[in-house]
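A.B. asks: With these hints in hand, go ahead and build the complete structure from the sequences.
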Amino acid sequence: MNLSADQSRSSDDEDDEVPIRPHTTEGVTNGPSVLLPTIPTMKKRKAVTTDFKKVKLIGRGNIGRVYLAQKKGTKEFYSLKVIDKKLVTQSKQQHIESEKGILERLKHPFIVHLEWDFETPFYYIFVMTYCAGGDFWRLLNKQPGN
1 MNLSADQSRS SDDEDDEVPI RPHTTEGVTN GPSVLLPTIP TMKKRKAVTT
51 DFKKVKLIGR GNIGRVYLAQ KKGTKEFYSL KVIDKKLVTQ SKQQHIESEK
101 GILERLKHPF IVHLEWDFET PFYYIFVMTY CAGGDFWRLL NKQPGN
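With UniProt numbering applied, the sequence shown corresponds to residues 1 to 146, in that order.
Don't read these hints as lab results, they were simulated from the structure.
Treat the hints with care, since some could be wrong.
Said to hold, decoys possible - Here are the simulated DSS-like cross-link-like pairs (lysine-lysine), alpha carbons at most 25 Å apart as the crow flies:
(1) K100 / K85
(2) K72 / K54
(3) K75 / K56
(4) K56 / K86
Unchecked claim - Restraint-style ranges between C-beta atoms, simulated for each label pair:
(5) T50 / P144: 42 to 50 Å
(6) K71 / K107: 17 to 25 Å
(7) E104 / F77: 17 to 25 Å
(8) G145 / Q94: 34 to 42 Å
Glycine included, each C-beta is placed from N, C-alpha and C at the ideal position.
C.D. replies: Right under this line is the structure:
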């Protein structure tokens with residue numbers, strides 16, 4: 001990916017936030033309509049299932065469930081997305097990989113962030129920022145006129 005001068009990062013500005021803004025790919029063929037800037041990630045200890053205690057089920061889909069989970073030994077809460085591997089088709093696998101990549105790179109106060117991801121023999125698990133109040137789609141549907 002080619003970065004413009006204002007997107008490149010030097011070691012002097014590692015603590016500065018990278019602005020999130022769309023960059024068109026005018027003149028690029030077979031590419032996405034928007035490029036996401038590269039956001040550096042911090043090295044962190046890998047998480048495992050035993051690091052979390054499931055508090056309650058907060059959502060479900062056709063291939064998995066989402067739980068409110070507490071990180072053991074802390075007062076921190078996360079959303080734990082547990083995807084059943086035996087229900088994942090090839091197209092769903094691509095969707096999962098895309099979702100993971102986007103959530104890892106985006107850092108914005110209004111978008112959940114992927115804190116950790118790992119897998120067990122039977123599940124893919126995403127540990128994400130917990131946002132109380134439900135998802136955006138449900139909030140929109142609660143608005144008058146919907």
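A.B. asks: Against this structure, judge whether each hint is valid.
C.D. replies: Status of each hint after checking the structure:
1. This hinted pair checks out: K100 and K85 have alpha carbons roughly 15 Å apart, not beyond 25 Å.
2. Simply put, K72 and K54 have alpha-carbon atoms about 10 Å apart, close enough for the 25 Å limit, and the pair holds.
3. At roughly 15 Å between alpha-carbon atoms, K75 and K56 fall within 25 Å of each other, so this suggested pair holds.
4. With a CA separation close to 23 Å, the supplied pair K56 and K86 stays within the 25 Å bound.
5. Look at T50 against P144: about 45 Å separates their beta carbons, and that is inside 42 to 50 Å.
6. Judged by the Cβ atoms, the range 17 to 25 Å given for K71 and K107 holds: they are separated by roughly 19 Å.
7. For the pair E104 and F77, the supplied restraint of 17 to 25 Å holds, since their beta-carbon distance comes to about 20 Å.
8. Checked against the hint of 34 to 42 Å, the C-beta distance between G145 and Q94 comes to roughly 35 Å, which is consistent with it.
Violation of the numbered hints given earlier is absent; every hint is satisfied by the structure.
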